[in-house]
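**Q** So the sequences go chain by chain: S and B.
Note that the numbering used here has the first sequence beginning at 1, numbered continuously upward.
Note that the numbering used here has the second sequence beginning at 1, numbered continuously upward.
For the record, the hints were derived by calculation from the structure and aren't laboratory data.
Please note that the accuracy of each hint is not assured.
Note that the list lumps identical chains together, so a pair holds whenever it fits in one copy or between two copies.
Below 25 Å or equal to it, Euclidean Cα-Cα: the simulated PhoX-like pairs (lysine-lysine) are [claimed, not checked]:
# : residue 1 : residue 2
1 : Lys29     : Lys150
2 : Lys32     : Lys150
3 : Lys92     : Lys32
4 : Lys29     : Lys92
5 : Lys144    : Lys96
6 : Lys94     : Lys32
7 : Lys135    : Lys150
8 : Lys29     : Lys94
9 : Lys135    : Lys106
There are 2 protein chains.
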Amino acid sequence: MKRVLYFSILLFAVLSNRAAAQEGPIFPKGEKSPNVHHVGNVWLRELNSPDSVFTYGTSVAIFDAGARLDWHSHPGGQILIITEGIGYYQEKGKPKQIVRRGEVVKCLPGVEHWHGATPESGVTYIATSPSQNGKTIWLHPVSKEEYNSKK
Amino acid sequence: MKRVLYFSILLFAVLSNRAAAQEGPIFPKGEKSPNVHHVGNVWLRELNSPDSVFTYGTSVAIFDAGARLDWHSHPGGQILIITEGIGYYQEKGKPKQIVRRGEVVKCLPGVEHWHGATPESGVTYIATSPSQNGKTIWLHPVSKEEYNSKK
């Protein structure tokens, strides 16, 4: 019985230590976004807003499993750097891609697309968005068929 | 004794599962940088190079514990997003800061500074660098006194 106790303490200690050192989400969640252009739970946090020196915005977006943005396009394009979890990314007329932690997606100006979490896993990404050509153009929600499609 | 075995299996299973899911480095190391402008082991990987659409470069830099860049400045400035570990960041005439996973540093154009890992922990960051005003200007190595200073 003592051994069980020792192993329980060891298990707890290892997990706590790893958690304290490097685990858990990298970024605080920031403010929960109102469900205007997405389905599910999404948190957005701006790391820098564009100005005359840094002519691009940088944000962290955190999606709960199942959450996804509406179809949209960026007049200046956008680069997504996936830092946690597993998500979907789809451009109009192309198959849905699975994107994972460590991967990078470059979305060119004007390309209609959507991104979000998979049904089973949340996803977090850093987005950098050139600001010189204007803000995101929102289109229409992703249909259930599009979201659940295997293609 | 059986219980010890069960707990060992549980411990192994929990750790393996966590490792497979989300742990280990986010980004592959890329190419090890030759020691021209830094001390210690540094790996640099370009995520995008600047072009007419994305007028900033994005790179991942991975530093082993103890590694640090020379003093330098960026004609266009730079934003650092710490994704793993613990590092140092210092601007000329200011105290050395400790920067941790999840933190963001905005370095303005022309400001002399250096960054790197702490002696005990490696650090990884994503750097975005506006390209329009030219490349990094390298100055001189960080002295041992500067690196080890508590200020």
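**Q** If a hint holds in the structure, say so; if it doesn't, say that too.
**A** Taking the hints in turn, this is what the structure says about them:
For the identical chains of this complex, Lys29 and Lys150 are neighbours neither inside a copy (30 Å) nor across copies (32 Å), given an alpha-carbon limit of 25 Å. Neither within a single protomer nor between protomers do Lys32 and Lys150 lie at most 25 Å apart by alpha-carbon distance, with minima of 29 Å and 39 Å respectively. For the homomeric pair Lys92 and Lys32, neither the shortest alpha-carbon distance inside one copy (27 Å) nor that between copies (38 Å) is at most 25 Å. Within a single copy, Lys29 and Lys92 get their C-alpha atoms no closer than 29 Å, and across copies no closer than 32 Å, so neither meets the 25 Å cut-off.
In this homomeric assembly, Lys144 and Lys96 come within 25 Å of each other (Cα to Cα) only inside a single copy, at 13 Å, whereas the closest approach across copies is 51 Å. When the C-alpha separation of Lys94 and Lys32 is checked against a cutoff of 25 Å, the pair qualifies neither within a copy, at 30 Å, nor between copies, at 36 Å. Taking the shortest alpha-carbon separations for Lys135 and Lys150, neither the intra-copy value of 31 Å nor the inter-copy value of 44 Å comes in at or below 25 Å. Taking identical chains as interchangeable, the C-alpha atoms of Lys29 and Lys94 are never at most 25 Å apart, the minima being 31 Å within one chain and 30 Å between chains.
Taking the shortest Cα distances, Lys135 and Lys106 sit within 25 Å of each other both inside one copy (17 Å) and across copies (23 Å).
Consistency note: the structure conflicts with the earlier hints numbered 1, 2, 3, 4, 6, 7, 8.
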